[in-house]
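Participant: Residue-level listing of the chains:
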Amino acid sequence: MGGLQTVSAAMEIAVGKIRMRNPVMTASGTAGYGPELAAYFPLDRLGAFVTKAVTCEPRQGNETPRLAETRAGMINAIGLANVGLDAFLAEKLPWLRKQDVPVIVNVAGSTVDEYVEVAGRLDEADGVAGIELNISCPNVRRGGMEFGRSEPAVREVVAAVRKAVRRSTYLVKLSPNVTDIVAMARAAIEAGAEALTLVNTLSAMAIDATKRRPVLANVCGGLSGPAIKPVALRMVHDVYCGTARDAGVPLVGVGGIQHGTDAVEFILAGATAVQVGTASFVDPSAATAIARDIEAYLSENGIARAADLVGALET
Amino acid sequence: MSEPATWQLDILDVQTAGRDYCRLHLAAPPEWRSTPGQFVNVRCDPDVALQPARVLDYADDRPRPQLQAAEVRKRTPLVRRPVSISDVGNRSGGGREIVLLLRVVGPASALLARKRPGETIDLVGPLGNGFDLSTPTDRAWLVAGGCGVAPLVGLARDLVTTGKHTTVFYGCADAGDIPLDLGKTPRKPLRPGEPVAGAAEFPGTQLVVATEDGSLGTRGLVTDAMAAHAAEAGWDGVSLFACGPDAMMAAVADLARANGIRRCQVSLENYMGCAIGVCLSCAVKVRADNAQGWTYKLACQDGPVFEADDVIFERTWEGCKR
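Quick mapping for you: the protein sequence lines, in order, are chains C and A.
Residue numbers for the first sequence follow this note's numbering, beginning at 73 and rising by one.
Residue numbers for the second sequence follow this note's numbering, beginning at 330 and rising by one.
Bear in mind the hints are in silico, worked out from the structure with no lab data behind them.
Wrong hints could be hidden among the right ones.
[Said to hold, decoys possible] Pairs of lysine to aspartate or glutamate residues, derived as EDC-like cross-links and limited to a Cα-Cα distance of at most 16 Å, are as follows:
1) C/LYS235 with C/GLU186
2) A/LYS614 with A/ASP639
3) A/LYS626 with C/GLU196
4) A/LYS614 with A/ASP638
5) C/LYS235 with C/ASP280
6) A/LYS614 with C/GLU135
What you are looking at is a predicted structure, and each value in this text was computed from that prediction instead of being measured.
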């Protein structure tokens, strides 16, 4: 652990009050609670660490099979399996707090009250730099995505949680499964989001024609991986141009990022930071390789700071 | 066992086995320590695309088109594939080798089967818990179906070395489906449960085969062959170690329970996304002392080997599903 850490002022960026040494975060649900990935690289190589979603009570998650690989992607239906808020605070957060990396906790719930309670207690806990409101999980029956699919619903939950988040930076993770992503982004910003993460997985399904059955026990799930990158990129671009740039709200781009150039594309489209998810399944240390690649891109192209690249798309 | 890490290992040899299998021999790093039943998570890259000069026969010496590895990887199966470690042993030229046995069932395994000596393979491992060999009984019965035979090779050798009387039961579709070297000697017809002459992979053990079409050994399921063998040899002092599809593992667990077997360990085959405990795809339902009576454990971290009595096998129209 430890080792040589690249400290480069050029890579430093800020998302809300979170100062990050580089623009690369883990994506929620693809990095556990930290120790799992720390076996492969020191977490201080990340700009920020984003946890698996935390709900009020522990959740077992969906029946299996929970995962199906598709062309250039995979569909998951884990169903927010997690240890619950109490166990997170008692068993997971103390370890994370000792790592030299900002911790962002992804928060999910079935009711507005649950979101408020979980976010509020996390906000009071030591060592939580950010709350990422998950109103976009496609794999649970109640809550999750239903809070992210209409402007009034987005407004209601984002505003309610806003009151509970006092110290940490308040991010809202949006669903791509909507007619107008810009409208949802605008609603979240007006209700108090300090940053937006976009996007969560795309609703999808896989069928086994031989068995004439869905592959996933949950029937449908969320598509991730390189297959969704162009969709996510377009949504980051639309939200940046449509509202976030003028509102001064930073975006965190996520969806199919596998290489440094993928990350650079998101930053050009308007993302201040990026999250690496499915790529970590392929290579547990993918996030650090992507951070190195971004830095190489900056120096090769004579760009002084990663921040200068944000939204620098020439159209 | 060593801590899991990402490795680039040299491929020493690739052999076909049976009709649908291939065996990869990899140069083991000096610090490699794994235990039977552990596995590796393998990246499935297309070798030919990485080295176009090998398939395009250029007459002149103009520059060859070369694809960057990262470019090629954009077109390959996305997530890694979990593969059992079949054996770790010394190689003739010095050093040690890791042997993987895999069944070619789709694009990812087909890409691995096309690998050639001199190329490298990218894997994460060793992963999982492996079998517990400390069972204090004299007789070890190893049971496998299909590719489940892979981890039993190293397991059988370790058991034989420690003086256990070891019998391997193998179930498959037909005689051509066996990825083992049974030698060339013509075999006499066998009684149900009677051992075949033996396989090169399993020295010092008895091998009992069950084929669905009866083309070798007992006609029927591997559990039929076990029952027939036990009718003569008895169940006293037997421990079971099994690896194979869920329906077979459920049947082996039932047989163990019905015959008072003290300990039965099953290695389960699961779909995995990451194999490092973060994606939570490979959930296994196990009995637990809580209100609902069960909880999920992860095959990649808590398994793939579980106590058969702990696993909740759920029967469905498909046969068996966890």
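Participant: Hint check: A/LYS614 vs A/ASP639, CA-CA at most 16 Å. Holds or violated?
Facilitator: Holds. A/LYS614 to A/ASP639 sits at ~9 Å (cutoff 16 Å).
Participant: Decide if the proposed pair is consistent with the structure: C/LYS235 and C/GLU186, CA atoms, cutoff 16 Å inclusive.
Facilitator: Holds - the C-alpha atoms of C/GLU186 and C/LYS235 are around 14 Å apart, at most 16 Å.
Participant: Given the hint that A/LYS626 pairs with C/GLU196, test it: the Cα-Cα distance must not exceed 16 Å.
Facilitator: violated, 31 Å
Participant: Given the proposed pairing of A/LYS614 with C/GLU135, does the C-alpha separation stay at or below 16 Å?
Facilitator: holds, 9 Å
Participant: When you check the alpha-carbon spacing of C/LYS235 and C/ASP280, does it fall within 16 Å?
Facilitator: Judged against 16 Å, a Cα distance of about 46 Å means the pair is violated.
Participant: Can you confirm whether the C-alpha distance between A/LYS614 and A/ASP638 stays at or below 16 Å?
Facilitator: Holds, at roughly 12 Å.
Hints 3 and 5 from the earlier list are contradicted by this structure; the remaining hints agree with it.
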